[in-house]
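**Student:** Going line by line, the protein sequences match chains A and B. Counting the first sequence from 1 gives a position; the working numbering is that position plus 22. Counting the second sequence from 1 gives a position; the working numbering is that position plus 566.
Hints may contain errors.
[To be verified] Label-pair distances were calculated between CB atoms; the ranges are:
1) 79(A) - 782(B): 17 to 25 Å
2) 892(B) - 28(A): 43 to 51 Å
3) 40(A) - 1053(B): 46 to 54 Å
4) 28(A) - 683(B): 49 to 57 Å
5) 897(B) - 54(A): 37 to 45 Å
6) 86(A) - 1122(B): 35 to 43 Å
7) 51(A) - 683(B): 52 to 60 Å
8) 669(B) - 28(A): 44 to 52 Å
9) 54(A) - 892(B): 45 to 53 Å
10) 621(B) - 51(A): 44 to 52 Å
11) 40(A) - 1093(B): 31 to 39 Å
[Said to hold, decoys possible] Here are a few chain A residues that face chain B, going by a calculated C-beta distance under 10 Å:
12) 38
13) 128
14) 146
15) 159
16) 178
17) 179
18) 180
If you are wondering where the hints come from, they were derived from the structure by calculation, not from laboratory data. Owing to the predicted nature of the structure, the values given are computational and were not obtained by experimental measurement. Beta carbons: idealized from backbone N, C-alpha and C, even for Gly.
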Amino acid sequence: MHKFEKIWMSVGTGSLIIFLVILGVSAVHAGHTPAASGIETINPEYVREDTRFAEPGLHESEDEEFDYNLYFVASAFSYEPSEVEIPQGSRVKVQVATTDVVHGFQVVNTNINMMVEPGLVSTYNTNFDTVGEYLIVCNEYCGVGHTDMTSTIKVVDGGAEDNE
Amino acid sequence: MSKNIHPDHLFSLNNRVDAKDGKLVLANMIWVIFALFIGGSAGMLQTFIRAGMFELPFGIGYYQLLTLHGVILALVLTFFFIMGFQIASLSRSAGAFNDKERLLGWIGFWMMSAGTLVAAAMIATNEASVLYTFYAPLQAHAFYYIALAVIIIGTWFSVAGQLMRYFRWRKEYKGHKTPLLSFMASVNNVMWLVCTIGVSMSVIFQYIPWSLGIVETINVSLSRTLFWMFGHALVYFWLLPAYMSWYVVVPKVLGTKGFSDNLARMSFVLFLFFSIPVGIHHQLTEPGIDAFWKGLQVVLTFAVIVPSLMTAFSLFAVFETHGRKLGATGILDWFKKLPWKDARFVLPFLGMLFFIPGGIGGIINASGQMNQLVHNTIWVVGHFHITVGAPVILTYFGVMMFLLPHITGRKITKQLNNMGLYLGYTWTFGMGLMSAAMHFAGLRGAPRRSTFSEYGGADIAQEWITYQILQAVGGTFLFVAIVIAVILFIQLMTGPKTTEAEEFPVASMMDQSVPTTKWVENWRVLIIITVFLLLIAYTMPITQMFTENIPGAKGFKLW
Ligand code: HEM
Ligand SMILES: [Cu+2]
Ligand SMILES: [Cu+2]
C-alpha cells in the first residue's frame, strides 16, 4: 500500500471506530436506543376494544418511571385524540397503534418519530420539557387523506410539581 | 464471433462492443431515455404540486404520480441502464456473447419490458397508487405485484447470460485474472441475485396470494423486512456500475492509468459483503424488531465506509498523479489540469462531488439516533436525490455519451460534447437547489410522500412552503436538463455516421501485471461469506416475525 493510502485509510477507519463507539455508548448508557423496538402485539381490528387504547389520550401512569401514559390511535385519516394537553416536565410513555394501514407518527420539533404498523404497538419514552404547541403529522403514506392526519400536543405550564 | 479476448490483448484498440450485443445494449438504453423523460416530467410536476402552485387535472392523484416517478426512475430506468451497460462492459472487456448468452439477455429485456408496461397500466388506471415500495397492507391490484415480479425475474435472465459470459472467459484462461470490468459486473450481478431472493419470495408468496384473495391477511413486518433486505442492496446495485465507470473508464478519458486493479477488486468485494445484511437501517424506528438487531445492522452498515474511502482515495490519486504528469506543481494546481471541456469526464466528476455531501448524509441517516430525527422527512428524499439522483445518474449520462455513438458507429461531435456539459451543469444546479431545500425542510420536520397541505394552519407548515418553492425552482431546471438530455441522446444515436466509432474507454491499471489478492476471485468463498453475513444479520429478526404471533393485516385500498 502507498504511504498516503495507509494514512488515509487509518484515519478513516479510526474515525469510523470512534464514531461507532459514540453511537454504542449513547445507545447503551444514555438509553438512546431506536424508537419502537421490540414486539408488543395488538389485534388491529380490535384496537378500540383493547384496554390500552379504549380511551386514547393522557392517563396517569401506574409505573414508577413515568408520570403519564399517552395513547394515540392512528387510522386513515386521523389521530385520536385530536388534541392533548400535557403538563410541562412530564415523563411520558407514548404508545401508538393503528387500526388499518401503516402510519408514521411524528411530533414535529421533538424527537418523537416512529412507524406504526398493524399488529404491533409502537412505544417511545420521552419528557415534555418545553412549553409550546407541537404539530403531529403522519409521515408514512397511508392513502389520499394522508396529509389530513394531524393532531396537536400542547405542553402547558404547571402540574409538574409531583415528579420530584 | 464470440471468442474470448486473449489476456494479452485486453487493451487492444480493436476491442469493441460486438455488433449483435450492441443491439441488445441499445434496446435497453432506449428504455432509459424514455423513462428519464416520463419520470423526470412527473418529478417536476411533484415539486409544483407540493408547493401549492399546481393541481393535477383529470382526477390524477399526487400519489399516483409519485408511484409512477418512483417506479419509472428508481426501478425501470436504473435496471435497463445497468443491464445495458454491464452487457456492453462484458462484450468490450471479455469478448462477444455467444448466442445462448445473448438470448438470455433478450429474454430478460422482453420480460422487463412487459413487466414495465403492465405496471405502468396499473398505475395509470389508479389500481396501484401504493408507491414503488408497495408497503402492505395498502393493497394494489394483483397485476401490479405480478408485473414487479416479472421485472425482477427478467433481470435474473439477463444476469444469467452475463455471468455465463464471464465464466466462459475464466474457464478458457484459467489462472489469469479476469478483465476488471467483467469482474466488477459479475460482483454486482451476484449481489443482485442474492438480495432479490427475499423480495421475490415476499412478492410471490405473500403479496400475490393476498391480493388475489387466496389468503386474507399478510405479515406486515416480514414483508417490510424482506423488502429492505433488497432495498438497501438496490442502492449499491445502482451505484456499482457508476463505480465501474469511475475506476475504469474515467482514467482512460484522462489518458492515464487507473490507480490499482487490486484495490478496485477488493472494494467491490467489500460492497458485495456489506450491501445486503444492513437493510434494517431503513427500519430503525419501527416496531417488530429488537433494538439489538437494529444496532448490529447499523454497525454492519458502517462497514461500507471502508470501500467508499478506498474508492475516493484511488480516484483522487489518479487525478493528482495525472495532473502532476502534465506539469502541475503546488498543492492543488493539478486540479486545473483535468479535462474540464470533456463531457465524458465532467459528467461523472460532478457526480463525484455530489457524493461528498451524499455520503455524509448517509452516515447521518444510518446513525440510529440521528435517524430518529430525519426518518421519513423530506430530508431523506433530498438525500437520495444527491446520491442516486445525481452521482449515479450523472455518471450514467457520462457513460451514454460514449456508449451510444460507440455502438451506433458515430463520434461525439464538439457540439454534442458541449450539450453534455450544459446537461451536467443544469442538472447539478437544479438537483443541488432542490435537494438542499429538501434537506433543510426535512430538518424543520416536513414529511416526505406528502402532497400540498397547510396542516390545519400550523405555523411550522407555513415555513415549509418557502422550501417547497425553492424545490419547484430546482425542479424547473431539472426539467430543462432532461429536455437537453433527451435531445442529446437521440442525436448521439442518429447523427451522421463516421468511419471510426467513438471509443469505449477502458484503462489499464498501474498494477496491471501484479496478480490479484488470493481469494478475491474465488467465487465460492465470496458467496459463502455473503450468505453467512446475511444469515447472521437476519436469522433472528425474521424468526421472531414468525414465532411471536403478530396478528396479520387485511388489505386496504385507501386512494
Ligand atoms: C428529474 C428531476 C427530478 C425531480 C424534479 C424529482 C422530484 C422528486 C420529488 C419532488 C419527490 C418527492 C416527493 C414526496 O416525497 O412527496 C421525489 C421522490 C422520489 N424520486 Fe425524484 N426527482 C427527480 C429525479 C429523480 C431520479 C433521477 C431518481 C432516481 C433515479 C428519483 C427517484 C425518486 C424516488 C425513489 C422518490 C421517492 C418516491 C417515493 O417516496 O415513493 N428522482 N422526486
Ligand atoms: Cu399517512
Ligand atoms: Cu440503505
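**Student:** Taking the Cβ atom of residue 897(B) and the Cβ atom of residue 54(A), is their distance within the range 37 to 45 Å?
**Tutor:** 41 Å Cβ-Cβ, so the 37 to 45 Å window holds.
**Student:** Could you check if residue 178(A) really has its C-beta closer than 10 Å to a C-beta on chain B?
**Tutor:** violated (18 Å)
**Student:** Given the range 52 to 60 Å, decide if the beta-carbon distance of residue 51(A) to residue 683(B) lies inside it.
**Tutor:** Holds: the Cβ-Cβ distance is about 55 Å, inside 52 to 60 Å.
**Student:** 44 to 52 Å was suggested as the range; check whether the CB atoms of residue 669(B) and residue 28(A) agree with it.
**Tutor:** holds (48 Å)
**Student:** Holds or violated: is the Cβ of residue 179(A) closer than 10 Å to a Cβ in chain B?
**Tutor:** At about 20 Å, which exceeds the 10 Å cut-off, the nearest Cβ of chain B leaves the hint on residue 179(A) violated.
**Student:** Holds or violated: the 46 to 54 Å window for the beta-carbon distance between residue 40(A) and residue 1053(B)?
**Tutor:** holds (50 Å)
**Student:** Looking only at beta-carbon atoms, does the pair residue 86(A), residue 1122(B) fall within the given range of 35 to 43 Å?
**Tutor:** Holds: the Cβ-Cβ distance is about 39 Å, inside 35 to 43 Å.
**Student:** Does the hinted range 43 to 51 Å hold for residue 892(B) and residue 28(A) at CB?
**Tutor:** Violated - the Cβ-Cβ distance for residue 892(B) and residue 28(A), about 26 Å, lies outside 43 to 51 Å.
**Student:** Determine whether the Cβ-Cβ distance between residue 40(A) and residue 1093(B) falls within the hinted range of 31 to 39 Å.
**Tutor:** holds (33 Å)
**Student:** Does 49 to 57 Å hold as the CB distance between residue 28(A) and residue 683(B), or does it fail?
**Tutor:** holds (52 Å)
**Student:** Is it true that the C-beta distance of residue 79(A) to residue 782(B) lies inside 17 to 25 Å, as the hint says?
**Tutor:** violated (32 Å)
**Student:** Just tell me: holds or violated, for the beta carbon distance of residue 621(B) and residue 51(A) against 44 to 52 Å?
**Tutor:** The hint (44 to 52 Å, Cβ to Cβ) holds, given that residue 621(B) and residue 51(A) are roughly 51 Å apart.
Checked against the numbered hints listed earlier, the structure breaks hints 1, 2, 16, 17 and 18; every other hint is satisfied.
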